[in-house]
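Protein chains: 4
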Amino acid sequence: MSTPHKTITYSLRVEFGDCDPAGIVWFPNFFRWIDAASRNFFIQCGVPPWREIEKETGIVGTPIVDTKARFMKTASYGDELQIDVHVPEWRRKSFVQRYHCRRGDTPIMECEEVRIFGGRREDGSWYAFEVPERIRRLCE
Amino acid sequence: MSTPHKTITYSLRVEFGDCDPAGIVWFPNFFRWIDAASRNFFIQCGVPPWREIEKETGIVGTPIVDTKARFMKTASYGDELQIDVHVPEWRRKSFVQRYHCRRGDTPIMECEEVRIFGGRREDGSWYAFEVPERIRRLCE
Amino acid sequence: MSTPHKTITYSLRVEFGDCDPAGIVWFPNFFRWIDAASRNFFIQCGVPPWREIEKETGIVGTPIVDTKARFMKTASYGDELQIDVHVPEWRRKSFVQRYHCRRGDTPIMECEEVRIFGGRREDGSWYAFEVPERIRRLCE
Amino acid sequence: MSTPHKTITYSLRVEFGDCDPAGIVWFPNFFRWIDAASRNFFIQCGVPPWREIEKETGIVGTPIVDTKARFMKTASYGDELQIDVHVPEWRRKSFVQRYHCRRGDTPIMECEEVRIFGGRREDGSWYAFEVPERIRRLCE
Chain A
0 MSTPHKTITY SLRVEFGDCD PAGIVWFPNF FRWIDAASRN FFIQCGVPPW
50 REIEKETGIV GTPIVDTKAR FMKTASYGDE LQIDVHVPEW RRKSFVQRYH
100 CRRGDTPIME CEEVRIFGGR REDGSWYAFE VPERIRRLCE
Chain B
0 MSTPHKTITY SLRVEFGDCD PAGIVWFPNF FRWIDAASRN FFIQCGVPPW
50 REIEKETGIV GTPIVDTKAR FMKTASYGDE LQIDVHVPEW RRKSFVQRYH
100 CRRGDTPIME CEEVRIFGGR REDGSWYAFE VPERIRRLCE
Chain C
0 MSTPHKTITY SLRVEFGDCD PAGIVWFPNF FRWIDAASRN FFIQCGVPPW
50 REIEKETGIV GTPIVDTKAR FMKTASYGDE LQIDVHVPEW RRKSFVQRYH
100 CRRGDTPIME CEEVRIFGGR REDGSWYAFE VPERIRRLCE
Chain D
0 MSTPHKTITY SLRVEFGDCD PAGIVWFPNF FRWIDAASRN FFIQCGVPPW
50 REIEKETGIV GTPIVDTKAR FMKTASYGDE LQIDVHVPEW RRKSFVQRYH
100 CRRGDTPIME CEEVRIFGGR REDGSWYAFE VPERIRRLCE
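Protein chains in written order, with numbering that gives the first Met the number 0: chain A, 0 to 139; chain B, 0 to 139; chain C, 0 to 139; chain D, 0 to 139.
Simulated from the structure, these hints should not be mistaken for lab results. It cannot be assumed that every hint is accurate.
What the hints assert, rightly or not - PhoX-like cross-link-like pairs, simulated, lysine-lysine; straight-line CA separation at most 25 angstroms: (1) D:K54 / D:K92; (2) B:K72 / A:K72; (3) D:K92 / C:K72.
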């Protein structure tokens, strides 16, 4: 029996400048919104902003490891879109974050990412923290 | 025995504003460059700009159907990046486009997309053209 | 005695990716929001989307002629900003649009633009329409 | 008799995604390029990247105080643009930076900014450094 995952919805309006000469959303903008929806998920779950988290834990953000996305329908300026976000899987040092972007009931795109809680070494290189128990519990 | 695919390299410099508060490229910008590298591939292969193609064929551009990407190393402002682009597979009504983004010999990210040659109906909806023989031959 | 101008407020939240390595909004993003606030002004005043206006009148949008902006305070991710928009001056073939961007009562930036109602000739060049009486009346 | 100012030219190609549904460059992208041209000016004059400057001096970047811009001609994807940059005026705690953006000999837009060399206090607020003699001499 599966427990439902906590789901947070991020809303946005497509702007004129988000669209390309074909009159539809230029696809990199979807990733802009996906990233905003990712951060919003943590904020709505009660996780403090990264700039505060960093002071306590050294975590600087949630850099992306990989992503895959499918584009089902186009969208254009004036459209109101919703992105439903949840974390279907927590691993030891990474997590999966999933996004369903829709216009009302019409699926527009969907996306699944692997991200880490990232920290930086003195030399500028990055490493993955173990998923903090406290954050995980807030987001499940 | 496989024939090597035509490969076109797109170069770019990472700018200050492409980076986020963690000091590294904000990942949606990679998709901005991927899209530029995609169009550059066609231009360098001798395919005219979409606004000219449209007049002859009705093709408005190459909207994306799906994409997956893997991020191996971070990049920051001042970095010179190269993106090697080729089309490993032509299907009847779509094609696969593959990208290797590197800083010199260091792999930064890689991406594989499915795209179509898209046209628009009167009602604004999109459809996929059969891959034009002429374009395919220029790009193989 | 001056009549107060119709003022429409556009709200936005600053995202992580809107900020640069110094941790503050990268200034070109303010112009992204200004443009969204400009279009929102017309929509809220009852002017239809440009894609509908175009069919009736040939007006394709409101391209910018010049702009000046002053940046008073920085903003960062998580901030909720408001942009108050009005049109202080209507000319024969252009208009002035003014923006006050604030975080609550704290002024963040302000901007004043001249824009036209633009149309396109067959050869791709642009021209300015006389300000349509109907649009002007909706926005005063 | 005036001494000519050191002028550095920044080149760029307009991409499909830089253009809006009217088929022309969406104007906030000009400010993206202006900012890149600003930083490129300092780099070409021999000023180290901000992340290195910061370690020695505390200067984090050159935040913008105000800007004004005029748009003369539109540009579209495929266009190669050049931006000529110089600093016409050094003040005690700020400087003026001027930009002429052109397509070959055709003026596209021009822009004049006031910027500071910015540092940050513990509380996150910003302040302006006196213009460092060393940087000024490299850029004159």
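With a cut-off of 25 angstroms on the C-alpha distance, tell me whether K92 (chain D) and K72 (chain C) pass. Holds, because 17 angstroms separates the two Cα atoms, which is no more than 25 angstroms.
Restraint status (C-alpha distance of K72 (chain B) to K72 (chain A) at most 25 angstroms): violated, 32 angstroms
Is it true that the CA of K54 (chain D) sits at most 25 angstroms from the CA of K92 (chain D)? Given that 25 angstroms is the threshold and the Cα spacing comes to 20 angstroms, the pair holds.
Checked against the numbered hints above, the structure breaks only hint 2 and satisfies the rest.
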